[in-house]
Amino acid sequence: MSVFKDAGHLFRFAGLFVLAFLVFLVVRHFVVPKSFGQYGHYRGAAMGEIAAHPIKFAGHDTCETCHADVADVKKAGKHAHVNCEACHGAQAKHADDPSAVKPVLPDTTVLCARCHTASAAKPKGFPQVAPADHSQGLACNTCHKPHSPAMDAGGAK
Amino acid sequence: MNISRRQIMILLPAAAVAWKYVLAGTPEESPNYKMSEHWWSMLIDIPKCIGCGNCVRACQTENDVPDGYFRTWVERYHVSDWKMTNPEVIMTNPMIAPEVISPDGGKEGFPVATDESGKYFFVPKLCNHCADSPCTQVCPVGATFISPDGVVLVDQKYCLGCAYCVQACPYGCRYIHPEKKVADKCTLCYHRITKGLTTACCEACPTGARKLADLKDPKDPIHEFLKTHSVQVLKPQMATGAKVYYNDLDGSVR
Numbered sequence: 001m002s003v004f005k006d007a008g009h010l011f012r013f014a015g016l017f018v019l020a021f022l023v024f025l026v027v028r029h030f031v032v033p034k035s036f037g038q039y040g041h042y043r044g045a046a047m048g049e050i051a052a053h054p055i056k057f058a059g060h061d062t063c064e065t066c067h068a069d070v071a072d073v074k075k076a077g078k079h080a081h082v083n084c085e086a087c088h089g090a091q092a093k094h095a096d097d098p099s100a101v102k103p104v105l106p107d108t109t110v111l112c113a114r115c116h117t118a119s120a121a122k123p124k125g126f127p128q129v130a131p132a133d134h135s136q137g138l139a140c141n142t143c144h145k146p147h148s149p150a151m152d153a154g155g156a157k
Numbered sequence: 001m002n003i004s005r006r007q008i009m010i011l012l013p014a015a016a017v018a019w020k021y022v023l024a025g026t027p028e029e030s031p032n033y034k035m036s037e038h039w040w041s042m043l044i045d046i047p048k049c050i051g052c053g054n055c056v057r058a059c060q061t062e063n064d065v066p067d068g069y070f071r072t073w074v075e076r077y078h079v080s081d082w083k084m085t086n087p088e089v090i091m092t093n094p095m096i097a098p099e100v101i102s103p104d105g106g107k108e109g110f111p112v113a114t115d116e117s118g119k120y121f122f123v124p125k126l127c128n129h130c131a132d133s134p135c136t137q138v139c140p141v142g143a144t145f146i147s148p149d150g151v152v153l154v155d156q157k158y159c160l161g162c163a164y165c166v167q168a169c170p171y172g173c174r175y176i177h178p179e180k181k182v183a184d185k186c187t188l189c190y191h192r193i194t195k196g197l198t199t200a201c202c203e204a205c206p207t208g209a210r211k212l213a214d215l216k217d218p219k220d221p222i223h224e225f226l227k228t229h230s231v232q233v234l235k236p237q238m239a240t241g242a243k244v245y246y247n248d249l250d251g252s253v254r
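Chains as they are written, first to last, in the working numbering: chain U, 1 to 157; chain D, 1 to 254.
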């Protein structure tokens, strides 16, 4: 042991180093969240928290479980690929409790114009009209059924 | 079996290291959803977009996005005839770049265009959920990340609000939430897609211009679409591995 005769100061310093490292490990244990590093350099539990956000749009499959009759009419018409909530808005609350939460019927003069107002910017093949000339202020659903809008397809009221 | 003390000293730490990987392979908490079986992306069909703004409104409703901030928005481009035939001047002179408008993110649609010359098109934008995203790389605390199913998310409990990621995103898809003071962005409706629903913007799109796609699902129609169409991503030169694919994207889109 003659080699380590005068090495006491080194061992004391090494002890200090080990102690500091242990303190670091203890602090780290309490400070770093449990799921950190589960999948990568982030908190794995965060994904569960983000996924817990409440749903507002129920989805057309949910709508069709009750409104199959409307869905059938829609499937036969030009609006077959327009989902229910594209026009009726987010209806998850209505789907959760159909009797308590009643959806507001959209105003067709505003709703239809959003998509069908004529503009040079829109794709040429998309059906579009200048509402003022086309209907002279009449509501669109005076003539067109929104769920099956083409008039030659028996869509007219 | 005869294990010496020396062998134990080596084997124990090795086992401790291996245990981490054993844990990583355990199933996720959600019972019917396996993150490892999905790789989410989105397909945007430019010729189908009519600029109605349904997606922007749906996103705001679904995700409680504050007014004046956008997780998704729609831009309208107008390229004049002259600029179309002189593409090099667009590249060199920003003053004569195509006219781009996005009033309130296109939330209430767009003003009627009367100028029939040139060409118009709408470009819906959202987080590109890059496979090699610059925004997640700059986060100093590990608060933003690419989930195992390919969605770029923000851990808002862990975010400091330093806004490095807001600057790092080449697509301008992030913002600091005015009340929470943390980074906020498109989650690709993570709360919906993990439950088998599509995103709010895709649900509300009347023309099917936006489609959620799962690149790991062999039955997803996106594979057929990518085979038969020439799609692009935004800013491919930045090598972000963007996963929002645009069909029929004009070269003037930046």
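No wet-lab data here; the hints were simulated from the structure.
A hint or two may mislead.
Claimed, not checked - Calculated lysine to any residue pairs in the SDA-like style (CA-CA distance at most 20 Å, straight line):
1) U/K78 to D/K216
2) D/K216 to D/L197
3) D/K235 to D/P170
4) U/K75 to U/M151
5) D/K157 to U/R28
6) D/K48 to U/S119
7) U/K78 to U/G8
8) D/K157 to U/C87
9) U/K145 to D/R254
10) D/K34 to D/D214
11) D/K48 to U/A118
12) D/K180 to U/E49
13) U/K124 to D/D250
14) U/K34 to D/P170
15) D/K107 to U/A120
16) D/K195 to U/A45
17) D/K216 to D/Y246
18) D/K107 to U/T109
19) U/K124 to D/K180
20) D/K119 to D/R254
21) U/K93 to D/G196
22) D/K107 to U/G89
23) D/K157 to D/P66
24) D/K181 to U/L138
25) U/K145 to U/H81
26) U/K78 to D/D250
27) U/K145 to U/K124
28) D/K181 to D/V166
29) D/K48 to U/P127
30) U/K145 to U/S99
31) D/K34 to U/S119
32) D/K157 to U/M151
33) U/K102 to U/A120
Since we're looking at a predicted model, the values are computed, not measured.
Each hint, compared with the structure:
1. U/K78 to D/K216: Distance ~32 Å between U/K78 and D/K216 Cα, so the pair is violated.
2. D/K216 to D/L197: 16 Å, holds
3. D/K235 to D/P170: The given pair, whose Cα atoms are some 8 Å apart, holds under the 20 Å limit.
4. U/K75 to U/M151: 16 Å, holds
5. D/K157 to U/R28: Roughly 18 Å between the alpha carbons, so the hint for D/K157 and U/R28 holds.
6. D/K48 to U/S119: 15 Å, holds
7. U/K78 to U/G8: 90 Å, violated
8. D/K157 to U/C87: 35 Å, violated
9. U/K145 to D/R254: 40 Å, violated
10. D/K34 to D/D214: 13 Å, holds
11. D/K48 to U/A118: Distance ~15 Å between D/K48 and U/A118 Cα, so the pair holds.
12. D/K180 to U/E49: 16 Å, holds
13. U/K124 to D/D250: 17 Å, holds
14. U/K34 to D/P170: 32 Å, violated
15. D/K107 to U/A120: 19 Å, holds
16. D/K195 to U/A45: Distance of about 17 Å is within 20 Å: holds.
17. D/K216 to D/Y246: With Cα atoms ~19 Å apart, D/K216 and D/Y246 stay inside 20 Å; holds.
18. D/K107 to U/T109: Holds - the C-alpha atoms of U/T109 and D/K107 are around 18 Å apart, at most 20 Å.
19. U/K124 to D/K180: Violated - the C-alpha atoms of D/K180 and U/K124 are around 43 Å apart, more than 20 Å.
20. D/K119 to D/R254: 16 Å, holds
21. U/K93 to D/G196: Holds: U/K93 and D/G196 sit about 18 Å apart, inside 20 Å.
22. D/K107 to U/G89: 14 Å, holds
23. D/K157 to D/P66: 18 Å, holds
24. D/K181 to U/L138: 47 Å, violated
25. U/K145 to U/H81: Judged against 20 Å, a Cα distance of about 15 Å means the pair holds.
26. U/K78 to D/D250: 29 Å, violated
27. U/K145 to U/K124: Violated. U/K145 to U/K124 sits at ~23 Å, over the 20 Å cutoff.
28. D/K181 to D/V166: 12 Å, holds
29. D/K48 to U/P127: Roughly 12 Å between the alpha carbons, so the hint for D/K48 and U/P127 holds.
30. U/K145 to U/S99: 25 Å, violated
31. D/K34 to U/S119: Roughly 45 Å between the alpha carbons, so the hint for D/K34 and U/S119 is violated.
32. D/K157 to U/M151: With Cα atoms ~54 Å apart, D/K157 and U/M151 exceed 20 Å; violated.
33. U/K102 to U/A120: 38 Å, violated
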